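Enquirer: Residue strings, one per chain:
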Amino acid sequence: MEVITSLVIVFLVAMVTNNIVLSTGYGICSYIGVSKNRKSAIGMGCALVFVVFMASLVSYFLEMLLVALNIEFMQTIVFILVIASLVQLVEMICKKFLPSLYQSLGIYLPLITTNCVVLYVTKQICDVEAILIAAGVSGSLANNGFFNFLFAMVYALGTALGYFLCITLMSTIRNRIDYSPVKRGFAGAGIALVTTAIMVLAIGGLSGIF
Amino acid sequence: MEILYIFIVLAVAVSLFCLIYYLNSKTKKPDNCSSLPEECESCKVIFCRNKKTDKDDETKEK
Numbered sequence: 001m002e003v004i005t006s007l008v009i010v011f012l013v014a015m016v017t018n019n020i021v022l023s024t025g026y027g028i029c030s031y032i033g034v035s036k037n038r039k040s041a042i043g044m045g046c047a048l049v050f051v052v053f054m055a056s057l058v059s060y061f062l063e064m065l066l067v068a069l070n071i072e073f074m075q076t077i078v079f080i081l082v083i084a085s086l087v088q089l090v091e092m093i094c095k096k097f098l099p100s101l102y103q104s105l106g107i108y109l110p111l112i113t114t115n116c117v118v119l120y121v122t123k124q125i126c127d128v129e130a131i132l133i134a135a136g137v138s139g140s141l142a143n144n145g146f147f148n149f150l151f152a153m154v155y156a157l158g159t160a161l162g163y164f165l166c167i168t169l170m171s172t173i174r175n176r177i178d179y180s181p182v183k184r185g186f187a188g189a190g191i192a193l194v195t196t197a198i199m200v201l202a203i204g205g206l207s208g209i210f
Numbered sequence: 211m212e213i214l215y216i217f218i219v220l221a222v223a224v225s226l227f228c229l230i231y232y233l234n235s236k237t238k239k240p241d242n243c244s245s246l247p248e249e250c251e252s253c254k255v256i257f258c259r260n261k262k263t264d265k266d267d268e269t270k271e272k
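Residue numbers (my numbering), protein chains in the order written: chain A, 1 to 210; chain B, 211 to 272.
Mixed in with the good hints there might be a few duds.
Dumping the calculated DSS-like pairs for lysine-lysine here, alpha-carbon to alpha-carbon at most 30 Å [claimed, not checked]:
1) LYS96/A to LYS236/B
2) LYS236/B to LYS95/A
3) LYS183/A to LYS39/A
4) LYS236/B to LYS39/A
5) LYS96/A to LYS239/B
6) LYS96/A to LYS39/A
7) LYS95/A to LYS239/B
8) LYS36/A to LYS183/A
9) LYS36/A to LYS239/B
10) LYS39/A to LYS238/B
11) LYS36/A to LYS238/B
12) LYS36/A to LYS96/A
13) LYS36/A to LYS95/A
14) LYS95/A to LYS39/A
15) LYS238/B to LYS96/A
16) LYS39/A to LYS239/B
17) LYS95/A to LYS238/B
Per the computed footprint, the stretches of chain B lying under chain A, defined by three or more beta-carbons under 8 Å from a beta-carbon of chain A, are [stated by the list, open to error]:
18) 211-221
19) 225-233
In short, the hints are calculated from the structure, not lab data. A quick note: this is a predicted structure, and the numbers were derived from the prediction, not measured. Note that the Cβ used here is the ideal one computed from N, Cα and C, for glycine as well.
With the hints as extra help, turn the sequences into a complete structure.
Expert: Now the structure itself:
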């Protein structure tokens, strides 16, 4: 029961309380760029969730391999190559089976490669104990290999869904802003950043809830 | 020995990327989705939804 509760807490903390965009500022470039259009925002969010989850799955085992071979310092470069390969794979799948999503995402799909959210999550899951401590959960749970893997995947999924939630919310807000009278100096990215600041305050109010 | 491992890991990762990149470049783009730089009339419009057909319609209207 303790494990399930901890899993839920880690998921909620990764998704809401420590939202990657609103609490750390990672991935803000694509968040501002793609949130103009709701359909593209949802597409980008889905693509990112898929890439983050797959990249985390692969890099978790890759990290074990790198540790076993005593070449952990290769972590970053290997993870970048894995992420780049996965993005190419997603692009290929979109071209073949989801042409409308491919059309709406346009240049942003290959840009997931340079999205810092993916690299951040893949590097974070290599230290599950730190994730658990940040979530206020007992770090001793990370001693079990299976639980360690489970927590890492839940954290990766929570973070990716946090990005999805954030970009979808922002696209909805910007959709409403389009119909509002905004001063010329504030229009576009200006009002988007002000809105983001208000969202940061809202999310900041939840910190320490768990 | 570590040097050898580094080369093997790098070679595998790079060759995997090259293979998927090659397969991706071979996959045909969906219809109506032309290359972006040719179709973009403004730097702000970077979505692939600027289709050739839309442009043709505009020229017809003019």
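Enquirer: When the hints from earlier in the document are held up against this structure, which numbers fail?
Expert: none
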